[in-house]
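These protein sequence lines map, in sequence, to chains E and S. Every letter in the first sequence is one number past the one before it in my numbering, and letter 199, counting from 1, is 199. Every letter in the second sequence is one number past the one before it in my numbering, and letter 131, counting from 1, is 1131.
A portion of the hints provided could be inaccurate.
[As the list claims (entries may be wrong)] Which bits of chain S does chain E cover? Going by a derived footprint, with three or more residues having C-beta under 8 angstroms, they are:
no., stretch
1, 1026 to 1037
2, 1041 to 1053
3, 1124 to 1138
4, 1149 to 1155
[As the list claims (entries may be wrong)] If you only want the chain E side, here are some residues facing chain S, beta carbon under 10 angstroms, derived:
no., residue
5, Arg-48
6, Ala-51
7, Leu-54
8, Leu-57
9, Val-154
10, Pro-172
Derived from the structure by calculation, the hints contain no laboratory data. Think of the CB as a built atom: it goes at the ideal place given N, C-alpha and C, for glycine as much as any other residue.
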Amino acid sequence: MNSPPTARELNLCLCHTCGQACDMLQEPTECDRCGAPLHRRKVQSLTRTWAYMLTALAFYVPANLLPVMNTTMLGSGADSTIMSGVLEFWQHGAWDIALIIFIASIAVPGIKFLSLGLLLVTVQRNSQWARKERSKLFRFIELIGYWSMLDVIVVALVAALVKFQALGTIEPRLGILFFGLVVVFTMLAAMSFDPRLIWENPHNEETSDELIQG
Amino acid sequence: MANQQQVICEHCDCVYEKVTLAKHQTALCVRCAGVLQRHNGLTVQQRLALTVTAAVLWTFANFYPVMSISLQGLKNSATLWDSVVALSLGPITFIALVAAISIIIAPVFQLLLLIWVLSFALAGRRSPAFKLCMRWLEALRPWSMLEVCLLGAMVAVFKLAGMLDVIPGTGLFALAALSLLLIRIAGRDVRDLWDTV
């Protein structure tokens, strides 16, 4: 299959901010239309993606183990984690809500870690395998990434509402902080990954040099 | 120096000639199947009208309670701001900042910037600080999470409905309409302004 020329071959560069095709003949450092910095590839893409992703992975553990909120009803209090919230809905027969929370809070970050890990490893090994599918995978995790904020919003609203002193209160707990950090760092990881690296030609000396330099 | 006639695939770096698209048409990259161009169905005038509508909805969503609850005669209601404040108490203040940005601050800045650049675009002119505004619109987009907030509010309704009476408020309906509008008006096609003004 004949694929069109790449921007690198034509000495062009995409401006990520305004979408203009910038001419790189004079090696400009910023886009002449919007003034955003120009890079042929995202700077230090692999290193930064790894760093953000591992940070997120480290926060993922306390996010799931620590309680995200505390419910006190008539004097007796109970902590609940994300998973116990899901199980509670499940046991009460609300399997649809349980599924929504499970997907948004536990499955989405998990899928992001696995997918980004796969993309990073295959790019580093200059793999030619399933490039189109890997491109699609990246777009998919970019799309689903921020839905994990769901639980943060739920806890915030519930805690703001249930404030009846002796009768009952709900308070946020430390787990939700780690949870929010997981979302922020996985988003940063996806943003620093450069999907164009998937299509890099391994026989091109120049390309692999740049890859090593990051 | 720059080429206005070409479009580069952001996913795989392929270069194409720009095409004019008809309604509902989308140009896809032949190599990676990513979206290159999408038909922009909104004129400047329509987009500005929708943005002003969204701004009104934003004030409703923020100043009216999202929902109210009652428990044994006691009543309580919460706005979006109340829920951010609820997060800010204790050792987890940082997450309140993230929540505030994603459900209140980013959307309102998107709306203000859009009103600013579109009002001038309507007169066929570039607004002062046009470059800066357009760059901020790009930067804010991923952090604006109103649709997540909407789903979160609905989950919260179900979560509380088990133990007490929950009444969805004006804020929730405004939030629903606003989140849908924002997807339509603050999307990537705002970039077309670069070519038209």
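Against the structure, the hints come out as follows:
Restraint check on the stretch 1026 to 1037 of chain S versus chain E: 5 residues with Cβ-Cβ distances below 8 angstroms, three needed, restraint holds. Coverage of a stretch by a chain is defined here by at least three residues with a beta carbon nearer than 8 angstroms to that chain's beta carbons; for the stretch 1041 to 1053 of chain S and chain E the count is 0, and the condition is violated. A count of 4 residues in the stretch 1124 to 1138 of chain S with a Cβ less than 8 angstroms from any Cβ of chain E is obtained; the coverage claim is therefore met, three being the minimum. Look at the stretch 1149 to 1155 of chain S against chain E: 5 of its residues bring a Cβ nearer than 8 angstroms to a Cβ of that chain, three or more, so the hint holds.
Taking 10 angstroms as the C-beta cut-off, the interface hint given for Arg-48 (chain E) is violated, the closest approach to chain S being about 16 angstroms. Given the 10 angstroms rule on beta carbons, the hint for Ala-51 (chain E) is violated: about 19 angstroms separates it from the nearest Cβ of chain S. At a threshold of 10 angstroms, the smallest CB-CB gap from Leu-54 (chain E) to chain S is about 20 angstroms, leaving the interface hint violated. Given hint, Leu-57 (chain E) at the interface with chain S, is violated; its Cβ is 18 angstroms from that chain's nearest Cβ, farther than 10 angstroms.
At a threshold of 10 angstroms, the smallest CB-CB gap from Val-154 (chain E) to chain S is about 5 angstroms, leaving the interface hint in force. Hint on Pro-172 (chain E) holds. Least Cβ distance to chain S is approximately 6 angstroms, under the 10 angstroms limit.
Going down the numbered hints, you'll see the structure goes against 2, 5, 6, 7 and 8, while the others check out.
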